[in-house]
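S.K.: Got chain A sorted already, so can you dock chain B onto it with the hints?
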Amino acid sequence: ETGVTQTPRHLVMGMTNKKSLKCEQHLGHNAMYWYKQSAKKPLELMFVYNFKEQTENNSVPSRFSPECPNSSHLFLHLHTLQPEDSALYLCASSLAGGDTYEQYFGPGTRLTVT
Amino acid sequence: AQSVAQPEDQVNVAEGNPLTVKCTYSVSGNPYLFWYVQYPNRGLQFLLKYITGDNLVKGSYGFEAEFNKSQTSFHLKKPSALVSDSALYFCAVRDATSGTYKYIFGTGTRLKVLA
Chain A
6 ETGVTQTPRH LVMGMTNKKS LKCEQHLGHN AMYWYKQSAK KPLELMFVYN
56 FKEQTENNSV PSRFSPECPN SSHLFLHLHT LQPEDSALYL CASSLAGGDT
106 YEQYFGPGTR LTVT
Chain B
-10 AQSVAQPEDQ VNVAEGNPLT VKCTYSVSGN PYLFWYVQYP NRGLQFLLKY
40 ITGDNLVKGS YGFEAEFNKS QTSFHLKKPS ALVSDSALYF CAVRDATSGT
90 YKYIFGTGTR LKVLA
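Protein chains in written order, with the numbering used here: chain A, 6 to 119; chain B, -10 to 104.
Any given hint could be a false lead.
Claimed, not checked - DSSO-like cross-link-like pairs, simulated, lysine-lysine; straight-line CA separation at most 30 Å:
1) A:Lys27 with A:Lys41
2) B:Lys58 with B:Lys91
3) A:Lys45 with B:Lys91
4) B:Lys91 with B:Lys47
5) B:Lys11 with B:Lys101
6) A:Lys23 with A:Lys46
7) A:Lys23 with B:Lys11
8) A:Lys45 with B:Lys101
9) A:Lys24 with B:Lys11
10) A:Lys46 with B:Lys91
11) B:Lys58 with B:Lys38
12) A:Lys45 with B:Lys47
13) B:Lys38 with A:Lys46
14) A:Lys23 with B:Lys58
15) A:Lys45 with A:Lys23
16) A:Lys41 with B:Lys11
17) A:Lys46 with B:Lys66
18) A:Lys41 with B:Lys38
19) B:Lys11 with B:Lys58
20) A:Lys57 with B:Lys38
21) A:Lys27 with B:Lys38
22) B:Lys11 with B:Lys91
23) A:Lys45 with B:Lys66
24) A:Lys46 with B:Lys101
25) B:Lys47 with A:Lys27
26) B:Lys38 with B:Lys66
27) B:Lys58 with B:Lys47
28) B:Lys38 with B:Lys101
29) A:Lys27 with B:Lys91
30) B:Lys11 with A:Lys46
31) B:Lys91 with A:Lys23
32) A:Lys46 with B:Lys47
33) B:Lys58 with A:Lys46
34) A:Lys45 with B:Lys38
35) A:Lys57 with B:Lys101
36) B:Lys47 with A:Lys41
37) A:Lys41 with A:Lys57
38) A:Lys41 with B:Lys66
39) A:Lys23 with A:Lys41
40) B:Lys101 with B:Lys66
Rather than coming from a laboratory, the hints here were simulated on the basis of the structure.
So here's chain A without its partners, still in its complex pose (with noise of 0.2 Å):
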């Protein structure tokens, strides 16, 4: 595996309810990521966190709510969500400071709202 660890792997929920996503690394990175993978459409990035500070919104909507306590934890808080917002999330981290760094990917969250 590759450090990166997400939990819950699979979640269906209906859209009044709310849920959080839960992503850690053990990998020593100070830079984490959120992605939404849905099926035929490229990877979205949807938000970056450098030393646990939020340094990319990539117009995500205010039903996605991240949080980073510290730099080896990211969790997406998620709340009335619509049906489109069914996919894969993928949690990624990395190291922050240079343009050369690979990221490391957990192995996604399932998303399904009902």
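M.R.: Using the frame of chain A, we list chain B on its own:
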């Protein structure tokens, strides 16, 4: 704006034959290019990257990629394909213009290696 293009949605190749998965890029400044692979129900795995130096980059699982500045391409190659190479492959470029650690991914190419 930084971008990458993967012109083929799918590539089919017979086992034992050489394979190529194409990627072209558009960047301002130095191109930092990456290849990732995604197996079913898994996240993306890093294969290799080009930063500077030798235009032929070697990576994991016998893959290599050739950086061609004049053609702005970074094609992924393997001399002899295995059935287990069947997966989704993504090319990515580091976006160095935004001031954040942002990577732009291609749309992915599905590789099918036929036994």
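S.K.: For every hint, state whether the structure bears it out.
M.R.: Now for the hints, and whether the structure bears them out:
no. : hint                  : result
1   : A:Lys27 with A:Lys41  : 14 Å, holds
2   : B:Lys58 with B:Lys91  : 22 Å, holds
3   : A:Lys45 with B:Lys91  : 21 Å, holds
4   : B:Lys91 with B:Lys47  : 24 Å, holds
5   : B:Lys11 with B:Lys101 : 14 Å, holds
6   : A:Lys23 with A:Lys46  : 26 Å, holds
7   : A:Lys23 with B:Lys11  : 41 Å, violated
8   : A:Lys45 with B:Lys101 : 17 Å, holds
9   : A:Lys24 with B:Lys11  : 39 Å, violated
10  : A:Lys46 with B:Lys91  : 18 Å, holds
11  : B:Lys58 with B:Lys38  : 15 Å, holds
12  : A:Lys45 with B:Lys47  : 29 Å, holds
13  : B:Lys38 with A:Lys46  : 23 Å, holds
14  : A:Lys23 with B:Lys58  : 48 Å, violated
15  : A:Lys45 with A:Lys23  : 27 Å, holds
16  : A:Lys41 with B:Lys11  : 23 Å, holds
17  : A:Lys46 with B:Lys66  : 24 Å, holds
18  : A:Lys41 with B:Lys38  : 23 Å, holds
19  : B:Lys11 with B:Lys58  : 14 Å, holds
20  : A:Lys57 with B:Lys38  : 26 Å, holds
21  : A:Lys27 with B:Lys38  : 28 Å, holds
22  : B:Lys11 with B:Lys91  : 22 Å, holds
23  : A:Lys45 with B:Lys66  : 24 Å, holds
24  : A:Lys46 with B:Lys101 : 19 Å, holds
25  : B:Lys47 with A:Lys27  : 34 Å, violated
26  : B:Lys38 with B:Lys66  : 13 Å, holds
27  : B:Lys58 with B:Lys47  : 17 Å, holds
28  : B:Lys38 with B:Lys101 : 23 Å, holds
29  : A:Lys27 with B:Lys91  : 21 Å, holds
30  : B:Lys11 with A:Lys46  : 18 Å, holds
31  : B:Lys91 with A:Lys23  : 28 Å, holds
32  : A:Lys46 with B:Lys47  : 28 Å, holds
33  : B:Lys58 with A:Lys46  : 27 Å, holds
34  : A:Lys45 with B:Lys38  : 25 Å, holds
35  : A:Lys57 with B:Lys101 : 40 Å, violated
36  : B:Lys47 with A:Lys41  : 29 Å, holds
37  : A:Lys41 with A:Lys57  : 20 Å, holds
38  : A:Lys41 with B:Lys66  : 27 Å, holds
39  : A:Lys23 with A:Lys41  : 18 Å, holds
40  : B:Lys101 with B:Lys66 : 14 Å, holds
Hints 7, 9, 14, 25 and 35, counting from the list given before, are not met by this structure.
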